[in-house]
Amino acid sequence: MTTQSQHAPKMATPLEPVMQFDPNAKVPFAKWVQKHLFTSLWQSLMTLVVAALLLRFAWFVLKWGVIDAVFYTPDPDVCRAAAGACWAVIVEKHRPMLFGLYPYDEHWRLVIMMVVYLSTIVASLMPKLWNFKILIPLWILSVTSIGILMFGGVLGLVYVPTSEWGGLPLTMILFSGTVLIGMPVAVVLALGRRSPMPVARGVSVVFIEALRGVPLITILFVAVNVFPLFLPAGVEVNKLLRITVGIAIFFACYQAEVIRGGLQAIPTGQYEAAASLNMSYWQTTRKIILPQALRISLPAITNHIIAAMKNTSFVIIIGLFDILTATTAVMQDPLWRRYYIEAYLFVAAVYLFFGYALSLYARQVEKWINSGRI
Amino acid sequence: MSNIIAQTQSPSPSPSPSPSPSQRLDQGPMIKLRDVSKWYGHFQVLHDVSLDVRKGERVVICGPSGSGKSTLIRCINRLEEHQKGEIIVNGIEMTDNVKNIEKIRRNIGMVFQSFNLFPHLNVLDNLTIGPMLVRHMKKKDAEELAMQFLEKVRIPEQAQKYPLQLSGGQQQRVAIARSLCMQPEIMLFDEPTSALDPEMIKEVLDTMIELADSGMTMICVTHEMGFARTVADNVILMADGKTVESGTPEEFFGNPKNPRTRLFLEQILKH
Ligand SMILES: Nc1ncnc2c1ncn2[C@@H]1O[C@H](COP(=O)(O)OP(=O)(O)OP(=O)(O)O)[C@@H](O)[C@H]1O
Ligand SMILES: [Mg+2]
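So the protein lines, in turn, are chains R and Y. Here the working numbering is used: the first sequence runs in plain steps of one and ends on residue 1039. Here the working numbering is used: the second sequence runs in plain steps of one and ends on residue 272.
Just so you know, these hints were derived from the structure itself, not from any lab. It should be emphasised that the depicted structure is a prediction, and the values quoted were computed from it without experimental measurement. Fair warning: there could be bad hints in the mix.
As the list claims (entries may be wrong) - Below, in silico cross-link-like pairs of lysine-lysine (DSSO-like), each with a Cα-Cα straight-line distance of 30 Å or less: (1) R:K952 <-> Y:K100; (2) Y:K56 <-> Y:K85; (3) Y:K140 <-> R:K952; (4) R:K1032 <-> Y:K162; (5) R:K728 <-> R:K758; (6) Y:K258 <-> Y:K85; (7) R:K798 <-> Y:K141; (8) R:K952 <-> R:K798; (9) R:K793 <-> Y:K139.
This is chain R alone, in the form it adopts within the complex:
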């Protein structure tokens, strides 16, 4: 069965043969089913068995999750009596799960903060707005307003110290801090590792290898407990900031290796062409090498960014609760603790939403790159 590819590859260099395989080719469903599921008796049998199991599972999910489920009740005993899921636990506990220890009456500030945060991120991800004249004021504005909303202490807002922050906003702040601090560090480390200067190379290699070799929790322990010992008396760096930097540096060491892979994939001809145009090291790096290396490593970079989103739970070691650890804490409530599965499913759905959004966006970026839009 041959399938005609719909989008013929636009770009074929003289060196590469045109690819015949097209993962997006459409095959008629019935033919696909016949070819892949019912070619032999044995295979047909397996198909039926697996289909039966899948249906059984789907029915269980439907019955447990919808038909027998309790969606709303303030009374845990109602859930106890029901055979299905107790989604009421989410209705009941969503505020401490989403917002952690943040003062209950101030939760509205976090809602506004999340709206500001998400709109800023979404705006920043649109190529149309990739212009410093737009992005710099936008970020100054939103970082300031997020700061005001989170800390308070001005404009009649109650002051909330970082030790009371928590939940999804904390996850968001930690995650963006990790990426915003980590990515530039990663680029510097990757360049350093391939630098012609032995000192820069040595420092980068030692840094990357040493930090990749230890568990994240160790780095955070150092950032939280050891680092302050080196500061002069009286000087204190905020715990949340320290831990963000710790997570970011750990992230950067892995990301640096990914970027190095991209750098290694750039043919020497690119360096030579830039040199023959008399471009300097930094001009070559910024305008020729890095843009290509980052494009090449984009899938792997995305991978680490998504993983970083889940590392935020490590703030628990300074007694802060991100969305996951806040949920664990909330589920200690003896009245509702039976329904931890439902609660964790909710948290999983939140992670899935953001993780999937990130990977969809990364896929879109790859498409833009391939079509030459960016």
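Based on the hints, put chain Y with the ligands in the right spot on chain R.
For chain Y with the ligands alone, coordinates are given in the frame of chain R:
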């Protein structure tokens, strides 16, 4: 160690397509190589190569694979470092001094066998990036300049395309235009047509012939003997890191002194 110094002061001005060499080549040498040697580890690639190239002169270098042709011309703009001898361009000696390297490179454009265009930039940006970053030209001026050279290589309509969307011949012409945008006095070509399909070779050679007619100083590594015959003032054969023959096309093709040249010409003209 025997070395045969390339004789480039063509003493007998012979008939040539454009203004006679004696008129064109009246200045002293623009590029001067004296006993240049280079090693890769223990392997000596270049053996005391000497060569003079005067302003406006067109030199073609040919020779068997691995004979050091690429290495030699890459030493002239310091894509490779030579370990012995002198390379002097426009009176500036090529040393470790970064300032000197920059000054020399400013006058030299280079075209590669594999084009080496920047795949993430479109044609216009490939052409303007050098003038903007290195010569600090304004975007508008750089684009005007780029369009002039795209007209010259006859592909102004491809300005918005990306390199990989062009044919090999078009890519190589973009690469030539990219070098010309830096307005160099000297152009180096390292087998500019050997990665191309036969039907595209001509369009690139035509561009190079036009460039030669405009008086550009050129050093071309190529096996296109027709090009060498019509354009070159001086044809050089390299073998085993040495220049074994050097002379006007008439001498080189008509009456080669070295048996290796005869052998080489026999082999290459058979194809
Ligand atoms: N980076 C390198 N390290 C070690 N040896 C090298 C290196 N580059 C080239 N050589 C060797 O130096 C010799 C000359 O190479 P060069 O590329 O100058 O030859 P060439 O005359 O241009 O050949 P071709 O016609 O195949 O391009 C060859 O024997 C090659 O193997
Ligand atoms: Mg070569």
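* Just pull the numbers of the violated hints for me, sorted ascending. => Structure breaks no hint.
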